[in-house]
Amino acid sequence: MSRMPDPVARLLESALVGELTVIDGRGRPVTYPLIPLWDGESVYLTSSALFSRKLEHIRGNPRVSLSITDPVAVGGATDRATIQGDARVIEDDPHGGWERLLPIWERKEPAIVSFLKARVALPLFFERALIEITPRRVLYWADGEAARPPVVTILGEEAA
Amino acid sequence: MRPTPPVDARAGLDKLATYPYQLATWIDDTGYPVSVAVTATIDPAAGTARFAAPAGLTIPTSHDLSLTGSHIRPQPGYGYDERRHVTVWGPVLVADDGTVTLRAQSAWGWDEAEVPFFEYSERSVGKSRKYFDALSAERGTPVKPRLSFGFLTLRSTRLPFLTATLVPVALGILIAARQGSFDLVSALLTILGACFVHLGLNVSNDVFDTLQGADDANVTPTQFSGGSRVIQYGLLSLRQMAAISTGFYILAGLTGLALLGMRGSTALLVIGVVGIVVSLGYTAPPLKFVYRGLGELAVALGFGPFMLVGAYVVQTQGMLSWEPFAASIPVALLVALILYVNEIPDRRGDSHAGKRTLPVRFSRGTVIAGYNLSVMGAYAALVVSVAAGVLPIPALLMLFTVPLALQVSRGLEPNYDNPYGLMAVMGVNVRLHLAAGLALLAGYAIVLVAGAVAPGVDLFLG
Chain H
19 MSRMPDPVAR LLESALVGEL TVIDGRGRPV TYPLIPLWDG ESVYLTSSAL
69 FSRKLEHIRG NPRVSLSITD PVAVGGATDR ATIQGDARVI EDDPHGGWER
119 LLPIWERKEP AIVSFLKARV ALPLFFERAL IEITPRRVLY WADGEAARPP
169 VVTILGEEAA
Chain A
418 MRPTPPVDAR AGLDKLATYP YQLATWIDDT GYPVSVAVTA TIDPAAGTAR
468 FAAPAGLTIP TSHDLSLTGS HIRPQPGYGY DERRHVTVWG PVLVADDGTV
518 TLRAQSAWGW DEAEVPFFEY SERSVGKSRK YFDALSAERG TPVKPRLSFG
568 FLTLRSTRLP FLTATLVPVA LGILIAARQG SFDLVSALLT ILGACFVHLG
618 LNVSNDVFDT LQGADDANVT PTQFSGGSRV IQYGLLSLRQ MAAISTGFYI
668 LAGLTGLALL GMRGSTALLV IGVVGIVVSL GYTAPPLKFV YRGLGELAVA
718 LGFGPFMLVG AYVVQTQGML SWEPFAASIP VALLVALILY VNEIPDRRGD
768 SHAGKRTLPV RFSRGTVIAG YNLSVMGAYA ALVVSVAAGV LPIPALLMLF
818 TVPLALQVSR GLEPNYDNPY GLMAVMGVNV RLHLAAGLAL LAGYAIVLVA
868 GAVAPGVDLF LG
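For the protein sequence lines, the chains are H and A, in the order given.
So the first sequence is numbered by our numbering: it starts at 19 and just counts up by one.
So the second sequence is numbered by our numbering: it starts at 418 and just counts up by one.
Some clues are possibly wrong.
As the list claims (entries may be wrong) - Here are the simulated DSS-like cross-link-like pairs (lysine-lysine), alpha carbons at most 30 Å apart as the crow flies: (1) A/K561 to A/K544; (2) A/K544 to H/K126; (3) H/K135 to A/K544; (4) A/K561 to A/K547; (5) H/K135 to A/K705; (6) H/K126 to A/K705.
Claimed, not checked - Covered stretches of chain H (in silico footprint by chain A; criterion: 3 or more residues with CB under 8 Å from a CB of chain A, positions within the stretch not fixed): (7) 116–122; (8) 148–158.
Said to hold, decoys possible - With beta-carbon atoms standing in for the labels, derived distance ranges: (9) A/S780 to H/V131: 42 to 50 Å; (10) A/P703 to H/P121: 34 to 42 Å; (11) A/T456 to H/I130: 31 to 39 Å; (12) H/E124 to A/F566: 22 to 30 Å; (13) H/P167 to A/H480: 16 to 24 Å; (14) H/V131 to A/L671: 16 to 24 Å; (15) H/V107 to A/S780: 48 to 56 Å; (16) A/R709 to H/G114: 40 to 48 Å; (17) H/V131 to A/A841: 23 to 31 Å; (18) A/G515 to H/E124: 21 to 29 Å; (19) H/I130 to A/L816: 17 to 25 Å.
In case anyone wonders, no lab produced these hints; they're calculated from the structure.
Using N, Cα and C, we set each Cβ at its ideal position, and we do this for glycine too.
Full structure from sequences and hints, please.
Following this line, the structure appears as structure tokens:
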């Protein structure tokens, strides 16, 4: 089984924003900016109940992609990647289940802890489902330019 | 709840052109989305976006492609700002030279400069309700958003606003004490009873505003306006809130009966009954004072003379005098101005729900002039009462709060149409009432201390 290429893992670890694309009921791609959380195996994102349409789309079609393209969000790095994978919505406990990812989130965005302490101000924002993406295929552009073909890495069982 | 304003394809292209690069996304032949950063040439007038086909990848022309622009500026320490994103969809043509042309057909996005995050969230509350309804149906058991008991109590009762009760009640007790009437147990019961009425009012206000559609129509609530939102958010049901409100009114009634038993007087009975009727009638049919533009008057009477003179009457066992009435006038005006300013950001939703508050009825200029006149009236009433010898000279300490009043007055014009900018002004306005109340209390504390240490010194003019 191939593992996540190191440069892409670095992008995942540093990215403050990524673009999650899901497929809607009409078969169209719909893209949402979200903070990606990488635990070394799966990519996680969280979605507030307020903005839960993406969860409906994932339940309808679990095939998704996550792109990291904005140099501002990765500390100036100019390489870019798109990760295709299968998503699973985890919503056993929207109130607190997602907080198991808080340590990873806090490393990227320390303010999240103080925001969470003030959840009384925006309670629905902190009712969140987890989106777990199992990566299948990675496209990587070392210089970020689409004029050159990406390096493609197949992950998971398909690589066997 | 009104949905987020739509973005048409042309407006979407206009917005897309402002991003330094775009994310071209399509569904590849394995059925997964694939995205590539491109630099598109956008022609909103022609309704198209062109870009060079990415190397090594095949763009299908059989179904729609999307172009997304996204900008989120990370701000170390407090999250993100300048958040905006837009996606434009449409069919594509791929020319022989590899140029891809997207013909825009639809768009969607959000820009927090146009719709602030809190409003965007509020407009999405309906989505949250559907989410929890679907989750409940799937599990066969109710799944609801939650808050800890402490936070839920704080939010549903709007506990911090109790200062509006504590100020007049404490002042009424102090004025009575200065005149030689003070009973600790009845003073504490008065404070408790008044707080129960206030909490009952806060909660019933949410119940009746929800029943009449005013809270649902409001998409720009702030921490000072728009209600507690606990019903809208699904944290408590309408029935639970109605039960809580009823509970507070029952406790208030029982406390009132205890006070009547201990310190009974006709004046106290009248003030208590009328106070509860005005409190309930604030939003409840058939009176609905706030829906008729009489909310300020109801609040001024309730949190001014009723609370202050009521507390005084308990202590004096039915005696009435001009002093508590005079002291209640500036307190009444300033508390009414809290409501008045807090109604400014709510005016669109209120108007939509037929809640004809003063900011709904009057123009911006009239509303601001109304604030200035009323706040000047509060200080004028104080000075006249002191000059007439009804209030003691140290009550003039309240004049030290004039800078806060000026701050509110100056903040209204530039923030009139910006609910979130107005939040700071509303905060200062709440502080103004509290500071003025504390100044009056301090004035009376000085009179009491002076009376104890130097009985011959007269701190009243005339």
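Hint check:
At roughly 13 Å between alpha-carbon atoms, A/K561 and A/K544 fall within 30 Å of each other, so this suggested pair holds. Of the supplied pair hints, the one linking A/K544 and H/K126 holds, its CA atoms being roughly 28 Å apart against a limit of 30 Å. Simply put, H/K135 and A/K544 have alpha-carbon atoms about 24 Å apart, close enough for the 30 Å limit, and the pair holds. Proximity of A/K561 to A/K547 is assessed by CA-CA distance (about 11 Å); at most 30 Å being required, the pair is judged to hold.
With a C-alpha separation of about 37 Å, the suggested pairing of H/K135 with A/K705 is violated against the 30 Å cut-off. About 50 Å separates the Cα atoms of H/K126 and A/K705, which puts this hinted pair outside 30 Å; it is violated. Beta-carbon proximity to chain A at under 8 Å applies to 0 residues in the region 116–122 of chain H; the threshold of 3 is not reached and the given coverage is violated. Figure legend: the region 148–158 of chain H, annotated as covered by chain A; annotation consistent (3 residues with Cβ-Cβ distances under 8 Å, at least 3 required).
Look at A/S780 against H/V131: about 45 Å separates their beta carbons, and that is inside 42 to 50 Å. Checking the proposed 34 to 42 Å range against A/P703 and H/P121 shows it is violated: the Cβ atoms sit about 56 Å from each other. For the pair A/T456 and H/I130, the beta carbons lie near 33 Å from each other, so the given range of 31 to 39 Å is met. Range check, H/E124 to A/F566: Cβ separation about 26 Å, and the 22 to 30 Å hint holds.
Between H/P167 and A/H480 the beta carbons are some 23 Å apart, a value that agrees with the proposed interval 16 to 24 Å. For the pair H/V131 and A/L671, the supplied restraint of 16 to 24 Å is violated, since their beta-carbon distance comes to about 43 Å. For H/V107 and A/S780, the hinted distance range of 48 to 56 Å is satisfied, since their beta carbons lie about 50 Å from each other. Between A/R709 and H/G114 the Cβ separation comes to about 44 Å, which falls inside the hinted range of 40 to 48 Å.
The given range of 23 to 31 Å is respected by H/V131 and A/A841, whose C-beta atoms sit roughly 25 Å from each other. Distance hint check for A/G515 and H/E124: the Cβ-Cβ separation is about 44 Å, which falls outside the suggested range of 21 to 29 Å. The hinted window of 17 to 25 Å between H/I130 and A/L816 is violated, with their beta carbons roughly 45 Å apart.
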